[in-house]
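Q: Chain by chain, the residues run as shown.
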Amino acid sequence: MFPRRTNNPKRRLRSEPLDPEQRQVLARLAGEVRYGGNNEHKRSALNDFGLVPPARARPGKTLCDDVGITQRRVARRLLQMGLERGLVDSVWTEGWPKHVWAVSNEGIAVEAIRENAANGTYHGYPLQREDPLAEEVMRAWNSNA
Amino acid sequence: MRERFSVKTEWESPNRDSVENSHCFGRVRIDVGERIATRAENEFSGSVEESVYVSAYPLALWLAGSWWRICWEPSLSEPRPPGAITSWRTSHEMPAAGAGFVWPQLVFDGDGESVEIASFAMARTPGQPLRYLESFRQTLDLGSFSSGIDSFVSRVLSRLDSYQINKTTLHELWNEIVEERTDAKKAEIRILEARLGFDAGEAPDFVIESFLGFREAAGKSALLEVASTAAYDPKNRLQQIADCASSPEIVGSLTDKKLLSGHEVIAAEHGFPWQRGRTLAKFVRQTLGIGSAALKDSTLCDVLGLPTKVISRAADAMARRVALAVRSPTSDSIGFTFRNRGNFRANRRFELARFLSEIISAPTDDHWLMLADTKTARQKLQRAFGAELLCPIEPLRAFLDDDFSNESVEAAGEHFGASPLLIKSHLANYGLITPDAVIV
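Taken in sequence, the protein lines are chains A and B.
According to this note's numbering, the first sequence holds residues 2 to 146 in order.
According to this note's numbering, the second sequence holds residues 213 to 652 in order.
There could be a bad hint or two in this list.
Pairs of lysine-lysine residues, derived as DSS-like cross-links and limited to a Cα-Cα distance of at most 30 Å, are as follows [as the list claims (entries may be wrong)]:
| # | chain 1 | residue 1 | chain 2 | residue 2 |
| --- | --- | --- | --- | --- |
| 1 | B | K469 | B | K447 |
| 2 | B | K494 | B | K508 |
| 3 | B | K494 | B | K521 |
| 4 | B | K397 | B | K447 |
| 5 | A | K11 | B | K379 |
| 6 | A | K11 | B | K397 |
| 7 | B | K469 | A | K11 |
| 8 | B | K494 | A | K11 |
| 9 | B | K379 | B | K432 |
| 10 | B | K470 | B | K220 |
| 11 | B | K432 | B | K470 |
| 12 | B | K447 | B | K398 |
| 13 | B | K379 | B | K398 |
| 14 | B | K470 | B | K521 |
| 15 | B | K220 | A | K11 |
| 16 | B | K397 | A | K99 |
| 17 | B | K521 | B | K469 |
| 18 | B | K470 | B | K494 |
The hints are simulated quantities; they were obtained by calculation from the structure and are not laboratory data.
These figures come from a predicted structure and were not determined experimentally.
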């Protein structure tokens, strides 16, 4: 009754179980996805993301290197695993979910946001520990292993 | 002076981020009354600062997206599945604004008349160079809180407009919210959705239609009280309550009509619900001529036109989940259904006291008068009334004589006919014991 014209801006993990066709789509996306990177989430220049400058940390932003993510291949692999396990946003445009979530080897929930829908490029960052979505990501990650 | 909620911004040049986020980047400071919620230790500068470098856009978007639920959906009062808890938290806790920023841990808990804002200091956390330092709780009236959000969102929209960025999600969303707030029908639906725990526009039509179907029988405000207990299983819960409404346990009435003047007494007082509840209880005690004495079972039952066996009889075998009084639209009779719980006498007296507050203070077109564990303004008023009516604070203090031990509280419970938990909660609400001493 009185549906909203505007899409709900809230980040939400899709909650329905994946059917075989959806799993195929996500597996395909995992193969095609790219990782861009954002130097405002990097404290140390000792990383291989190839950003210029390599680090430009902001105190108001969460930092990837503090949670062990200093290599592009690690960041991309987390992104791929998030797609493969179906930890994706309920909002999709141009064939890509708006957000993808994963949990790092250190047990930190991370979020990737789409930078470029045309070519499936994302950049990511740790979720703030107090973010209520972090618990839901951990639950979904563990149950979709 | 009304306490205020304000979000101040000092814009900086756009940074590397999405278009909206980058053009709304700058120093943001959040004040809640006299407290600075954004007071934080900055690991980079090694200093404590009162404002933080974030983008105002995701914060404005989150506040707009959560507006109805923040203002109208009270905190969860009974166990819920994880999905329902996450849904509440992502609508009421500021870190859900996300976007890769570190936000203060502010929790907004609205009861329809006011919003309690709780701030929690943070521990040092790897990956989070900001550590917010403030712990406090402040309650603001809804008008003051809402003005603060309106000003902030308007400022963010103006900032975007100054760069000719004027077709963002925030623009569209805020236009809709302004429309909803000024359209009585839409506002009613949005409030109902919020009470049911749904984001705006997302409650299934059959749920809303079921509730609206009882609007005339229950009363408009009463339906919102029912909704706040029905978030988990709305249709079945509504039916459960409707069934109780049509077959009450016992019928009574308000025998002393002078008590109805209490409605005007509290209408003249513009305090928070708990303040109005206490004022109403003092009015009732004065009107009944009880003074500072313990309220007898017979007096309490006589006022409601009920036999004292309602308090003294043994609990039924079946525990009910609904405590409901139903005013007849055509006569003075009121049908009562009680919810049975342990410590029978004390809890029954508290229920009767809460029903009395509803009968006096509820809108006249509300027929269903519900008692619940929820934290809406109305339930808060009932509980404050019940506590003050059964255990008026000055006589209670005199009885305890500064002895707040469990034994002393139990004795006070026997004397005033109230449970030790109620007595301790009452003392804590008056600041005479700390909240953590309430555990019985």
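Q: Are there hints from earlier that the structure breaks, and if so, what are their numbers?
A: Structure breaks hints 1, 7, 8, 9, 10 and 16.
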